[in-house]
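Given chain A, put chain B in place with the hints provided.
If you want the building blocks of each chain, they are given just below.
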Amino acid sequence: MSFLRILLIAAAFIFIGILPVHAKDMIVKEPPKSLSKYYPPESKQPKWIQQMHKMSTHFGGIFVNLKEKDYENVDVHADRLVEEYKKTSEMVPEWEDYFDIKAVEAFAAAAKTHDIAKAGKESGGLGKTCGKCHAEQEISVWAKFHWPSFHKIKVTDPISEKEVEFDDYMGSISTSFKGVTVNFGEGQYGRAAKALKVFKSRYMELKSTCSKCHATQDVKRFYVGQDADTSFAGLSQELNSEKPNPEKFWKNIGLLGKTGCKHCHLVHRTNSFIQKVWEQ
Amino acid sequence: MRRSSQIFDLIIGVGLIGVSGFAMLYFLVNERFEWIPEQVLELARDPEILKRPPAKKCSECHKIIYEAWKDSRHSISWTSETFIEASENRSKEKCLPCHIPQSVQGEKPSPRMDLRDEGIYCVSCHFIDNKMQGPYDLLAPPHPTFRNPDYVRSNFCGSCHQKTFKEWKATNVEDTCQDCHMPRKKSRLTQKAGFNLLHKKRWVGDHRFLHGEIKEKDVVMEPGWEENFFIISLKNQTIPHFVPTADNGDPRLYLYIKFFNEAGEEVDNAKEIIAPQQETALPYNKKMRYRYRLFDKIIKAEVQLKYQPAWSKEKSTLRTETVFR
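Protein chains in written order, with the numbering used here: chain A, 1 to 280; chain B, 1001 to 1325.
Hints were generated in silico from the structure; no laboratory data involved. Each residue gets a CB set at the ideal place from its N, CA and C atoms; glycine is no exception.
Taking CB as the label site, the calculated pair distances span:
1. TRP250/A x LYS1217/B: 39 to 49 Å
2. LYS1108/B x HIS268/A: 20 to 30 Å
3. ARG1116/B x GLY120/A: 43 to 53 Å
4. LYS47/A x LYS1051/B: 18 to 28 Å
5. LYS1108/B x GLU163/A: 21 to 31 Å
6. ARG1293/B x HIS265/A: 30 to 40 Å
7. TRP278/A x LYS1186/B: 57 to 67 Å
8. GLU163/A x MET1221/B: 22 to 32 Å
9. LEU1210/B x LYS154/A: 26 to 36 Å
10. GLY185/A x ASP1117/B: 55 to 65 Å
11. LYS276/A x LYS1051/B: 45 to 55 Å
12. GLY257/A x TYR1136/B: 57 to 67 Å
13. LYS1051/B x GLY257/A: 52 to 62 Å
14. PHE273/A x LYS1051/B: 47 to 57 Å
The following block holds chain A by itself, in its conformation from the complex (with noise of 0.2 Å):
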């Protein structure tokens, strides 16, 4: 191998070991399978969440029993902390290696000093294992486990009553959504009056599919509630006129996408497609 060669096979070790990691280079990879038997419906509780709760709990207790000065319980939360983070670094194995025994240890060490700005310096070494596990693997956990997925949400179709994919139901709404706007801008307000009453239909049924997760009333009408009844009534009253009134039909069609359509792909569809990509 000649010199040169080496010279820039080290100089990429170097370029490549103090390139910090920008949230540009994040990549959402699936959890492990490990992972899913301390979330349900493999386990009966999220245990792997509860878990870190935990240590989390006993870090924070260290910090608020020191300024305390209540050092008896900062010592067992210090035991206690090394102890659930032992057993945690078990948990997954394809994640042991985020997992420094020796930080948490000199932690607890430092902590049971009693003296708060050792414990603040060693909570450092600890602190970096836990954040670099956090940067490259919580949003996908939270992807994963967290958020029901869109995917498995079958929806009657309120025209044909058939039971099809959330996706492909998306896919019916905008084809509907279309034969109104298509044949409005055509000036075919007969078909265009037929396609509003499929439409309007189909948006409404996503009342139900809303039900699917969400328990309460309010979330649900955030997305299909008094906007859009409002936006399908006076789409409604323009296409059942003798003459529809352009300005109006798009004013409508346009709060019907901004409160309705928008609101609903502005908070789900990141996870969404992130799911999508997993389950393929």
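Okay, now just chain B, sitting in the frame of chain A:
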């Protein structure tokens, strides 16, 4: 002769003692069980019952109630295919509290960790604050039972059926959930041989938790014509909550209308989905009106009302009507 008379007297005597002993026991068990010393009752206690047993254990005495419950939707709240599918293999958190309640007591319960296949079972509703509770104060030697008036009040069912409870409350109708969905009849609470005779008959609710059928008198349908519109109204006249109703399930009424021209051809149609999740269910005692513009010359409309419960994909026809212009 004298000897046989003595035997006869003995039989009569033993019989009288037996009958009066039984009568006394019956009186004590049913009317004055507080007179029985706790030390005596301790001998009859079954500690296993106070450890949240499966429903089968309760069936050893309460056979009729157990069998009714077995027939109910409550018994399959965790195992039904519809639930498993709708809850994404039981992973949706919002479903768990009411499908596997730890303890039902007037507010949204917590989900339990054990015996999940039992669904909403005896212990969920009757074992509250570590003691057996029900609509009566009872001796029940294996487990003392304490009266809680909530068992005959709607707020008990409202722990889970919160939306329906609110709907019912707004109607100001006195009939409770239990009046319609747990109709009572005089029966013995236990069927265990021997013990059943010791317990007097009481009003016992039907633990199938009946799901009322929607009859013609319940939902009144009035179709009619108005210039170039077809109008139809539906009124929930008798059921003191929305129809259909559900907190999270998706039961539906489907109203289908077909329009025919003079040639008898179907030229148009319309459909309404009447469902709680779409906020289109029929409120109590209020006429809901649907209006359809007719684009062709229509002389006849065929109207059909169908019902699909939350747990089924099948619809049953409630009403069919042909309306001429």
